[in-house]
Amino acid sequence: GEDVEQSLFLSVREGDSSVINCTYTDSSSTYLYWYKQEPGAGLQLLTYIFSNMDMKQDQRLTVLLNKKDKHLSLRIADTQTGDSAIYFCAEEFGSGNTGKLIFGQGTTLQVKP
Amino acid sequence: NAGVTQTPKFQVLKTGQSMTLQCAQDMNHNSMYWYRQDPGMGLRLIYYSASEGTTDKGEVPNGYNVSRLNKREFSLRLESAAPSQTSVYFCASSLRAQEQFFGPGTRLTVL
Chain G
-18 GEDVEQSLFL
-8 SVREGDSSVI
2 NCTYTDSSST
12 YLYWYKQEPG
22 AGLQLLTYIF
32 SNMDMKQDQR
42 LTVLLNKKDK
52 HLSLRIADTQ
62 TGDSAIYFCA
72 EEFGSGNTGK
82 LIFGQGTTLQ
92 VKP
Chain V
806 NAGVTQTPKF
816 QVLKTGQSMT
826 LQCAQDMNHN
836 SMYWYRQDPG
846 MGLRLIYYSA
856 SEGTTDKGEV
866 PNGYNVSRLN
876 KREFSLRLES
886 AAPSQTSVYF
896 CASSLRAQEQ
906 FFGPGTRLTV
916 L
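Here the protein sequences line up with chains G and V, keeping their order.
Everything in the first sequence is counted per the numbering used here, starting at -18 for the first residue and increasing by one.
Everything in the second sequence is counted per the numbering used here, starting at 806 for the first residue and increasing by one.
Derived from the structure by calculation, the hints contain no laboratory data.
Hints should not be assumed to be uniformly reliable.
Restricting the straight-line Cα-Cα distance to at most 20 Å, the calculated cross-link-like pairs of lysine to any residue (SDA-like) are [as the list claims (entries may be wrong)]: (1) V:Lys814 with G:Gln25; (2) V:Lys814 with G:Ala22; (3) G:Lys37 with G:Arg56; (4) V:Lys876 with G:Thr79; (5) V:Lys819 with V:Glu884.
The following residues of chain G were derived to be distant from chain V, with all beta-carbon distances above 12 Å [what the hints assert, rightly or not]: (6) Arg(-6); (7) Ser8; (8) Leu42; (9) His52.
Bear in mind that the values here come from a model prediction, so they are computed numbers and not experimental data.
The beta carbon of each residue, even a glycine, is placed where N, CA and C say it ideally should be.
Could you put together the complete structure from these sequences and hints?
Next comes the structure, spelled out in structure tokens:
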């Protein structure tokens, strides 16, 4: 079945770049997503990438997609303490563009001042 | 504009009790979703509803039922709660499949 894997923890210093990695299994996924969860809150969509794209940039966020290796990454430039959160990678499963998502376990990003 | 609201925020049940988690959205979205989040795991889809009057199973539907009461409201029912259903439950809604908006969650403990 479909599966999404992420490393569990990443620690960086404020001002550095953060790179969070994700691998997925369903090569037919049309969209891949990055969500952010702050403590005690629901998830917030950060960005998503269409499967025929290699890269998407949105302000401090860069998403890279390697379809051959089924590898997705999220780079946060100039990481700030407010970026400390759990980041989830997700892919769609099933057909029909329904928004049914499979999530990874989440990567906890710790930003040290 | 409240977005997605969920009630209650916290709930403690005994094994075998039943309860309904409520979710409402005021964004006129067609699709709504129920997820559960367990420690150290990503969210898992329980049920979703593509439009008013329709529901479909997600990854982990066993032990749950849902009702899409109208376009705004999507409820999740536990008929006979089990300790394995201790989790944080999130409701979400979307107009387009690519952008889901999440509620704040309900933290449920089953003793």
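Hints, verified against the model:
1. Between Lys814 (chain V) and Gln25 (chain G), the direct Cα distance comes to roughly 18 Å. Compliance with the 20 Å bound is thereby established for this hinted pair.
2. Between Lys814 (chain V) and Ala22 (chain G), the direct Cα distance comes to roughly 11 Å. Compliance with the 20 Å bound is thereby established for this hinted pair.
3. Restraint check: the Cα-Cα separation between Lys37 (chain G) and Arg56 (chain G) comes to about 10 Å, which is no more than 20 Å; the hinted pair holds.
4. Pair hint Lys876 (chain V) plus Thr79 (chain G) holds up; C-alpha atoms about 16 Å apart against a cutoff of 20 Å.
5. Taking the CA atoms of Lys819 (chain V) and Glu884 (chain V), the gap is near 12 Å; set against the 20 Å cutoff, the hint holds.
6. Every C-beta of chain V lies more than 12 Å from that of Arg(-6) (chain G), the closest at about 26 Å, which supports listing it as non-interface.
7. Taking the minimum C-beta to C-beta distance to chain V, about 19 Å, the non-interface status of Ser8 (chain G) holds against the 12 Å cut.
8. Residue placement check: Leu42 (chain G) keeps its beta carbon more than 12 Å from all beta carbons of chain V (closest about 15 Å).
9. For His52 (chain G), the shortest C-beta to C-beta distance to chain V comes to about 17 Å, beyond the 12 Å cut-off, and the non-interface label holds.
In this structure, none of the earlier numbered hints is contradicted; all agree with it.
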